Amino acid sequence: MDKIRFRFAPSPTGFLHIGSLRTVLFNYLAAKKMGGKLILRIEDTDQKRKVAGAVDSLIKILDWLDITFDEGPHIGGDFGPYIQSERKEIYNKYIKKLIEKGEVYYCFCTPERLEEMRKEQAAKKMPPRYDRKCRDLSLEEIEERIKKGEKFVIRQKMPLEGEVIVKDELRGEIKFKASELEDHVLIKSDGMPTYQFANVVDDHLMQISHVVRGEEWIPSLPKNVLLYKAFDWESPKFYHMPLTLNKEGGKLSKRHNDVAVEDYKKQGYLPEALINFSVLLGWHPKDDREIFSREELVKEFKLEDIGTSPAIFDIEKLNYLNGYYIRHKDLDELTRLCLPYLEKAGFIKRDNKEKIINQFNSKEISFDFIKKVVRIEQERMKKLSEISQLSEFFFNDNFDYEAGLLVWKKMERGDVAPRLQKVYELLDKIPEENWTNDSIEDALVSYIQATEGRVGEYLWPMRVALSGRKASPPPFDIAEILGKKETLKRIERAIKKIS
RNA sequence: GCCGCCAUCGUCUAGUGGUUAGGACAUCAGGUUUUCAUCCUGAAAACCGGGGUUCGAUUCCCCGUGGCGGUGCCA
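Every position in the first sequence, counted from 1, becomes a number in this note's numbering once 1259 is added.
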């Protein structure tokens, strides 16, 4: 086993869990870094839990994250099929080998009996464990019961005594007492393998060299290792990543948190931010940098540098990172990303010819107009979805605000109207073709300086007149985008309001 | 209950047998000639507890405590 092969093996639940994102990511980065391959395998051996379309949506979101595979159900490969439910014959073939070797046995115990047994064990304060009733059935009895049509499962024979020492590459050796291990089920009564069996068979057959998975799998490591031994197979190296917890230190669950990467996408988190955030949970480079491009990550990532203590998912840091990536995003691209949010908010409508209509006044607006809006709100956005709340006044002139908001904190209410009147006059003198951010600022500031006035007395009321808000981008920027006519109209309205 | 993993600022983390225990997010204060945001500067903020080992432990060992995970014909 000299080739380097990693795998991501999710069960198709219909969405990509935010914790799984880190698992794929670490597998992906390690594979890239080490020049190995990354395989996608779908673990759908639980027929009861099947979700329609789950594989497609999984691949779609991974694609959005730009996490790509070398082999998988969507692209094929030399070790397929890559969906476990399509590998039933393979498991059958391999369980037969184990039967021949005497490593496993048929068990006819019914779920009812098992439940009762566990109840009794619990009552006696004993750990719940299969009592190995069927471990030593005679060949004749087995044949007879199968012939009679009795349902059965196949269990692995665990060592009765001694200890099993396994190795996690991050933590070192971990010891388990054999007596703690259960003769667990390998093949279910519906003929499907359990995770424990399919996982080992597939990892071996697909020549996986490194298994990077969540820490919740450590308890089954001895079972896995024993299975490899039963087959006489070499086992891969195991890396168990620490779990991600929610703010309260509990499990990141669907009930209380957004757990699907799709949810974050919907809110307007960028893949770069999600990835940068995820990678920092349990990994860090040798120096103090925290912002990484994909190339840098591939270059710097080392499996050995993964930590072992659990991490809490802190949305504040994600928000910061997302804001950072939004600020550094190409403007055209960012604008395109914002369009769906403006559309969803009901500000604009796009027809199929890329025509954009302002929904408030039914007039056509240009992509360029929206681009300007996005440009000045760019530094204020933490998520793409915030663009609508931040920019409504650019699209809708029918907003209302308290007249008192026009009053700057260091001025008298009675001074507002005259100041706005002056602003109006100054702006009115600027010719349409000269209507730019700079010339507007020029006209106003030079006047204010010449008269030794305070800028706030002019700019605060002007800004509120244009935006109706106590917080917004600077008035010159808004005025330029709004255009001369609309700007003057809004100032006029404010003057009436405060007079 | 039993088994296992883990333990540095509120959070993500760096680090070492002797350090002023470093960085980032968040928080607070100040600055960037209107507000918000951005940006800059600064502040406050941590080695879970008890035993060892050692001249000396945050660091190594043991115990305890706490958190989490596992204990399924789920994965």
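These aren't lab readings, by the way, just hints derived from the structure by calculation.
Here the structure is a predicted model, which is why all the values come from computation and not from measurement.
Among the hints, a few may not be true.
Said to hold, decoys possible - With beta-carbon atoms standing in for the labels, derived distance ranges:
1) 1549 <-> 1437: 37 to 47 Å
2) 1730 <-> 1567: 38 to 48 Å
3) 1708 <-> 1509: 56 to 66 Å
4) 1657 <-> 1705: 26 to 36 Å
5) 1422 <-> 1312: 23 to 33 Å
6) 1312 <-> 1403: 18 to 28 Å
7) 1327 <-> 1392: 43 to 53 Å
8) 1549 <-> 1509: 51 to 61 Å
9) 1387 <-> 1329: 35 to 45 Å
To be verified - Taking lysine-lysine and the DSSO-like style, the derived pairs with C-alpha atoms no more than 27 Å apart in a straight line are:
10) 1426 <-> 1513
11) 1407 <-> 1447
12) 1510 <-> 1426
13) 1608 <-> 1743
In this text, a Cβ means the ideal position worked out from N, Cα and C, and glycines have one as well.
Going down the list of hints, with the structure as the test:
1. For the pair residue 1549 and residue 1437, the beta carbons lie near 45 Å from each other, so the given range of 37 to 47 Å is met.
2. Restraint check, residue 1730 to residue 1567: a C-beta distance of roughly 44 Å satisfies the suggested window 38 to 48 Å.
3. At roughly 59 Å, the beta carbons of residue 1708 and residue 1509 sit within the given window of 56 to 66 Å.
4. Against the hinted window of 26 to 36 Å, the Cβ-Cβ separation of residue 1657 and residue 1705 comes to about 33 Å, which satisfies the hint.
5. At about 45 Å, the beta-carbon gap between residue 1422 and residue 1312 misses the expected band of 23 to 33 Å.
6. Separation of residue 1312 from residue 1403 is about 44 Å and departs from the stated range, judged on CB atoms against 18 to 28 Å.
7. Between residue 1327 and residue 1392 the beta carbons are some 49 Å apart, a value that agrees with the proposed interval 43 to 53 Å.
8. Between residue 1549 and residue 1509 the CB atoms are about 26 Å apart, so this pair departs from the stated range of 51 to 61 Å.
9. Between residue 1387 and residue 1329 the CB atoms are about 41 Å apart, so this pair conforms to the stated range of 35 to 45 Å.
10. Of the supplied pair hints, the one linking residue 1426 and residue 1513 is violated, its CA atoms being roughly 32 Å apart against a limit of 27 Å.
11. Straight-line distance between C-alpha atoms of residue 1407 and residue 1447 comes to about 18 Å, which keeps the hinted pair within the 27 Å bound.
12. Under the criterion of a C-alpha separation no larger than 27 Å, the hint pairing residue 1510 with residue 1426 is consistent with the structure, at around 26 Å.
13. For the hint linking residue 1608 to residue 1743, the alpha-carbon distance of about 25 Å falls within 27 Å, and the restraint holds.
Going through the hint list in order, the structure does not satisfy hints 5, 6, 8 and 10.
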